[in-house]
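**Student:** Start from the sequences and build out the full structure, keeping to the hints where you can.
Residue numbers for the sequence shown follow my numbering, beginning at 711 and rising by one.
There may be inaccurate statements among the hints.
As the list claims (entries may be wrong) - Derived lysine-lysine pairs resembling DSSO-like cross-links, with alpha carbons at most 30 Å apart:
hint : residue 1 : residue 2
1    : Lys924    : Lys963
2    : Lys763    : Lys963
3    : Lys825    : Lys763
The set of hints was computed from the structure by calculation and includes no laboratory data.
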Amino acid sequence: MRVFDAHCDLLMKLFEDKQADFVQEIGDLCVTYPRLAAGSVAVQIFAIYIPEKVHPDMRFEAALAQANLFHEQVIRKAGLRHIQTYEDIAALQPGEIGAILALEGCDAIGNDLLKLQTLIRLGVRSVGLTWNFANLVADGVLEPRGAGLSLFGREVVQLLADAQIWCDVSHLSEKGFWDVLERTDYVVATHSNAMTIMPHVRNLTDDQFCALVKANGVVGVNFVPYFLTNNVEASIDDVLRHIDHFCSLGGQKHIGIGADFDGISVTPRGLTGPQDYVALQQALLKYYKPSDVDDFLFGNFARVFRPV
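**Tutor:** Set out below in structure tokens:
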């Protein structure tokens, strides 16, 4: 079965380590071309994430640098198909891998819509409004005041809605989440889990998940161990628990995968990189119909990816 992984931080790794190589597997990388192929990944979303240590005045330049790494290493050198529309996904040939460019956190754009429009023209098709803290768009989940969208943030969401580009609510404050749901029909949570199973601020409440189901959104289950379980070590079984809970809420058509590889220093046992998606598929098939597993791994995210 094919896989659609809605989140990885490879571009940040390439940005920080100039010697790292996506094709040659040089550097401390989880996501590489050979590993994507080994795991039957058909679509991978590559996020632009700007480390906090980058000076605010240089964050847009850092975003441009990561977009350039996407086009040079992932598209040109590795030969992945640049996915910008649903039709691009439908046109993928057997064994071909598609790549989508995303933005994780709007810190890089400051209060300038032109910068966001520029990144969209470079191929960004999914935009996470915040990381964990506040920016000029909204508050993240770790911002104590817990505010929602700013006036500028409303402009950002409107721009994304008009362009039919995903607004990614992973990392966003709960107030911001509900503000977004009022303003766009193109909402996903690319890498978030179930708060009922693991009470962590980064996870989604049942009400949030059900609202995303109603909005025809999809939630990518995240492999960050401390978003999965309180146990010392996470495993594939913990991933299945979150999937099972979302299914219990009627979410079979709204569950995907957003592993967060290269954004985490520790991975669940048996899920060390995209090459291990075969093991995840085998575990899922013990409990779910093949058609449901295909939806979880690929079909649900592919279905709702329809930006122009």
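**Student:** For each hint, tell me whether it holds in the structure or not.
**Tutor:** Okay, the hints, checked on the actual structure:
1. Lys924 to Lys963: Between lysine 924 and lysine 963 the Cα gap is close to 11 Å, so the pair holds against 30 Å.
2. Lys763 to Lys963: Since the Cα atoms of lysine 763 and lysine 963 sit roughly 38 Å apart, the hinted pair is violated (cutoff 30 Å).
3. Lys825 to Lys763: Holds. Lysine 825 to lysine 763 sits at ~20 Å (cutoff 30 Å).
Checked against the numbered hints given earlier, this structure breaks only hint 2.
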